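Participant: Next come the chains, spelled out residue by residue.
Number of protein chains: 4
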Amino acid sequence: MPPSVTDQLIDNNRRYAAGEARHDARHPGKQAIKPSRRIAVLGCMDARLDIEDLLGLQTGEAHIIRNAGGVVSEDAIRSLLISHHLLDTKEFIVIQHTRCGMLAFTDDLLKSALEGDRQAGELVSKATSRQFVCRAVASSSPSTFHAFRGAPEALDSPPDVTNLGRLADSVSRSLSAIRNHPWIPLDGDDAISARGFIYDVDTGLLQEVL
Amino acid sequence: MPPSVTDQLIDNNRRYAAGEARHDARHPGKQAIKPSRRIAVLGCMDARLDIEDLLGLQTGEAHIIRNAGGVVSEDAIRSLLISHHLLDTKEFIVIQHTRCGMLAFTDDLLKSALEGDRQAGELVSKATSRQFVCRAVASSSPSTFHAFRGAPEALDSPPDVTNLGRLADSVSRSLSAIRNHPWIPLDGDDAISARGFIYDVDTGLLQEVL
Amino acid sequence: MPPSVTDQLIDNNRRYAAGEARHDARHPGKQAIKPSRRIAVLGCMDARLDIEDLLGLQTGEAHIIRNAGGVVSEDAIRSLLISHHLLDTKEFIVIQHTRCGMLAFTDDLLKSALEGDRQAGELVSKATSRQFVCRAVASSSPSTFHAFRGAPEALDSPPDVTNLGRLADSVSRSLSAIRNHPWIPLDGDDAISARGFIYDVDTGLLQEVL
Amino acid sequence: MPPSVTDQLIDNNRRYAAGEARHDARHPGKQAIKPSRRIAVLGCMDARLDIEDLLGLQTGEAHIIRNAGGVVSEDAIRSLLISHHLLDTKEFIVIQHTRCGMLAFTDDLLKSALEGDRQAGELVSKATSRQFVCRAVASSSPSTFHAFRGAPEALDSPPDVTNLGRLADSVSRSLSAIRNHPWIPLDGDDAISARGFIYDVDTGLLQEVL
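Protein chains in written order, with this note's numbering: chain D, -7 to 202; chain L, -7 to 202; chain X, -7 to 202; chain V, -7 to 202.
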């Protein structure tokens, strides 16, 4: 069996972590609409991740889906379904990462702060080193902020056993949510594969969650 | 008034469209969690867009949020709220683009095809030049695919008055949805600004929707 | 095999349609939290449906979930999961109905009208015989209004082959969405059953969609 | 100013709690599609609530929206928007209640249990006095279960200062979420009013949250 595209991208990543530039940052000119490497990547919006760079992808090769956390939200599923069923991708990659902000708050804290709880607002201000300004109204949407499960840690904490465990659990759940969606095919000619990784923002290296 | 970050990125984009590489594709080493240019960009997942490249952003400078269409879904709002209230961004950019797949189908067609309507499946196969495989079950989620409003066109159609009009309407609605969310501040010290663009995937050039 | 609770409720419904009052409208006093008949009903919010009355249910016997259309939204799934996994129901009933408002508009029309399209607003005013007042802003949520699939008809149209077909399709899809959710058990001791009906608001009679 | 419909329903409720049947449980025959009292009620799915009975509403008078908790989810907003903009209601009522199951669990506990955490599953079994059967897969939807904020209590706990406080907060937030939705009009001829209540399932009495 030839190596999958995902395997090749993992190899690219090793070189990226070693200091190489694998991605060409120039406009490639006119290209086809379908991603040429038939892959879709779901990752966090974090400023320290450049998905194309860290996987050595060229413009035109892959769908890139990003949100706060790189979580498998309804919107991520929507994007993956369009990617596969309309635009012919067949490998999905999920990338979450060390030092993620989603490890450092809870939904209740952020909502309470936004809704006008001054004490919660002060906690957010302190945790984020910025002046939080509460809005003092509630909202039905977003219904959740998808803060990662488990006890929150200080913002931008370096990797340790606890937060790596929380991240690995989150990646595993993300893959399970993708694989168990009724509209995601796992077998036959139409099958997709899904693999998940933790990205170390300090070293630039991906580690697969198996 | 000094130029906003958005204005500077528009300038970068002109150079990108002219053939320059503005983005450095190498791993930058350890960086701060907060985006250094205090900006968040929401764009489409399309393979032909490299958001960092086309805006000349460096790794570490901006939150990048991407989904099918670059639409202001609940998940995009969630990500923008986290970006601003926890990680201190103050400018938002929305980027949708020419030749977008979201111009070329309707929610009902794709759902019917997934649910087992053979005729719908054949239409999807034909429209996308790939063998659509229906799943023959319904799903409560995603509740919508956010296909762009208006009559669908052929996949990957070049820009014309009609599809540019549909894109401009979509960008305008996107900005309105951001600006009218109860948790998005529009005035005071905490105010964010939001601007929207259509990206031409062939030329590499952004055009603002005013 | 003894008749299911659903079968008994269908029998109650025949008597309701014949003019009997099967439901006792008085406060029953203190009751247990778990629905005593272990059933959850999902139905439309329509004013002409009293779910307890039309099924001859007594207060305390069943969970009643209602929304515009009686559709299997994410929220309906949420409620059904809580109903089953925490409060021990094992039969689900879905009830949609004739003359439903969801047959008489489209998502795009209502959204355009809300967002400020005057022509759309006039169409809504005319269709509903009330003065529609547009809001002239967009919103990311609700992402869909779940108007029933197919060409819209005049509001409050009597049942005919076309709208009964649309309703039957909608009920079938609703049941499929319930049965294919990863957290809904269909076999073993924990299995739930799901059955669906069209309620005729004029006659008071349920018809099962098989 | 004449009493609002809501005021009249509060009066009905006092009689209901005193033992009167205010609601006629018979099929009313053919009725108009628009709720004749121009009111929409959002309440919990709990089996111990019969919304029409406890408010003394007759079939045909009001839209009834119900979900687990009576929470202002995206789906509840969708239903309220359709109720008002298409079907002409102008008063909204939110009803949450004592002994609500939403006071007795957390989202993380239920999700962990569903996803296969045996310890969480045992806790759920114990808390609910039923054999919880985990599904051992994740799901992207529902993204939240909307368990009420604050520390969970034992299932079906009688009202006390703590849980009444949690309920009052939840009702207040619910009203705020309704009032601050961009598509809900609060002034002019098109204005809606929104009022919220805690229903005591033991006594049958509503208490307004001001």
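If you're looking for bench data, these hints aren't it; they were derived computationally from the structure.
Remember, it's a predicted structure, so these values are computed and weren't measured experimentally.
Don't take every hint at face value.
Put simply, identical chains are the same to the list, so a pair is met inside one copy or across any two.
Only pairs whose alpha carbons sit at most 25 Å apart, straight line, appear in this in silico DSS-like list of lysine-lysine [claimed, not checked]:
#	residue 1	residue 2
1	K118	K103
2	K82	K118
3	K22	K118
4	K103	K22
5	K82	K103
6	K82	K22
Participant: Does each hint fit the structure? Answer for all of them.
Facilitator: Here is how each hint holds up against the structure:
1. With identical chains, the CA atoms of K118 and K103 are at most 25 Å apart within one copy only, with a shortest distance of 16 Å there and 30 Å across copies.
2. For the identical chains of this complex, K82 and K118 are inter-copy neighbours only, at 19 Å across copies versus 44 Å inside a copy, given an alpha-carbon limit of 25 Å.
3. Only between protomers do K22 and K118 lie at most 25 Å apart by alpha-carbon distance; the minimum there is 23 Å, versus 48 Å within a single protomer.
4. Proximity of K103 and K22 under a CA criterion of 25 Å is satisfied in neither setting, with 44 Å inside one chain copy and 31 Å between copies.
5. In the homo-oligomer, the alpha carbons of K82 and K103 lie at most 25 Å apart only across protomers (19 Å), although the nearest pairing inside one protomer, at 37 Å, exceeds that limit.
6. In this assembly of identical chains, K82 and K22 lie within 25 Å of each other by CA distance solely inside one copy; the values are 23 Å within and 33 Å between copies.
Hint 4 from the list above is the single one not met by this structure.
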